[in-house]
Amino acid sequence: MRLLLSSLFLESPFENLQRHADKVKECAHLFREAAICHAEEKCEEFDALTDRVAKLESEADAIKRNIRNHLPRGILMPVDKFQFLQYLGEQDKVVDEVEAALYWLSFRPKGLPKEIAPDFLHLVESVIPPIEKLAELVLMATKFFRGKSGSQREKMKSLIHDIRQHEKEADLLEQELKGLAFRTIQDALVVFHTVRLVEIVGEIADHAQNASDRMRTMIAK
Amino acid sequence: MDVVILGIATLIGLYMAANIGANDLANAMGTSVGSGAITLNQAVVISIIGNTLGAVLAGGYVTNTISKGIIDPALLAGDPNKLLLGMFAALVSAGICVHAATLLGLPVSTTHAIVGAVVGFGVLSVGVDAVTWSKIISICASWVISPIGGALIAGGIYYFAEKRIMTVKDPIGASERYAPVMIFLVFLVLILSLIFKGLKNLHIDIGFFPTVLLTIPCAAVFGGVGRWWVRWQVRAEFKPRPEQVDYSPVDRLFAQLQILTACYIAFAHGANDVANAIGPLAAIFSVVKTHTVALSVEVPFWMLFIGGVAVGGGLLAFGTRVMDTIGRHITEITPIRGFCSQFGAATTILLCSRLGFPVSTTHVLVGSVVGVGIMRGMGALDLRVLKNIGLSWIVTLPFTILLSMGLYGFLTWVLL
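As given, the protein sequences belong to chains A and B, one line each in that order.
Here the working numbering is used: the first residue of the first sequence is 6, the next is one more, and so on.
Here the working numbering is used: the first residue of the second sequence is 4, the next is one more, and so on.
Don't take each hint at face value.
Now the stretches of chain B that chain A is said to cover, found in silico as 3 or more residues with beta-carbon under 8 Å [to be verified]:
#1 161-171
#2 333-340
#3 366-377
Hints in this document: simulated from the structure, not taken from any laboratory.
Being a predicted model, the structure only gives us computed values, none of them experimental.
Cβ coordinates follow ideal geometry from the N, Cα and C atoms, glycine included.
My request is simple: use the sequences and hints to build the entire structure.
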């Protein structure tokens, strides 16, 4: 026996969005570990870490597909479906960029040029908090869309503001690091590799910020 | 022989009533269990008491010209046995239809099922002209009016709650201000329906304006008590049950208020739907006792009482497992959402019942839930279910008409 009420309700897509955000966060931690490892010449775990990130990325992709495939036309959500999918897309691009950064790192022998290594690790550190906060934001959004609490909205706005600040810092570090690479590295190939790497890492924070902006639109009154 | 006929008729009536409980009432109470406002056992107790009170105090004591005014009984005056068998066929057909729908999870209306069944035997026994087709048109109108009414009231009250309570800086303070108003509104509609229907049952008519003048102060008293109660709840920081721990303080407060709307909808259901099973039964009793066809049939108090209890029993026997599933798996029904849905549904049912529209509790409830969803108040609602409802509108009437015709034809062939 089934009740009509049961068939009326679908699983909230925010629950899957949270799972996706958790995967992205896990990738971010592995990315930091892999980047630190790669900075040293004797890094043995880099490939294993990259494989784990690739695996997590494909799991996140599966969650993304699941969300998209289970949002049929006749579904009524607390937010605009288009905005929700845009948010998901941006959150997914974060993990795509993390994976791309690791692949880009792997194209060159281990060990970063000494001139840029500390600043590069600083940049990596600076893109981790926005990703962590993104997962926190989704958790808050899940609660917000259940209760629409005004104080919860304020907390989310503050978190979105923090993410924006982190992105700004990451942007500054990215520009400084590019300049440093051009000033201190003589080998054009290494400069190209470094600049592109820095850009990819910077894009991680960019997409985290884009995602948080989409969230801001979703919680607008 | 009469005792046997009455015994069988009572059993069939109880079967129909139990099916109504398992389908309609389980859906109506499901939102309370789903939000964690009340436990499964509390839902069953509230259902039995509220539903029985609704049936007895505001139910249809007089079934207007044989079950819902669909056929003219004068045409059957010469042959009361035809009416007897027809009502048997109608009850069985509607019972089977609702039972099958409950098993398949289809959103069938118990009201429409019994209406279709009465039309079926009416057409076969006295012909197409015997059917009051204007009544059928009003049923078709109710298909549209009842879900839209539920959606408008529930959506409107959710919109108000979101703007004035949930999203403001001090939601608890706002709840203290507005929750008594909501309690006032619940009692306003309840008392109005009690006076309009309950006093009518006692053959007392005090007129429209005196009724309103009497109702407003009474509802205001309840609103005042509600205000004191809400303040007391806020000061006591309403100790949550384990399943309510994740809720915001406002939701916890509304979980308490939802006990009220659970009683409200159980009452509205009793007032509106118990007669679906008991009306034809009363007609059968009347024919067996008087051996004539009465133009209108008095429904005895005990019959409404037993009907109310049987509907609650149906919920207990067949509806508890599904309600338990809803309680554990549908986390999207929060107390505020549940409150608004039940408030919208119960108010629409009582208002439509007053206006004489044969509405379906299930359809109104779905309309109310969707109304809250349209106001962006639900996690994820599958509107494809509405297609099933549309289909059930089209299918229920012909299905019960044909089944009732078949059963009536068979019974008259065997027994007359």
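Return the numbers of the hints above that this structure violates; sort them in rising order. No numbers; nothing is violated.
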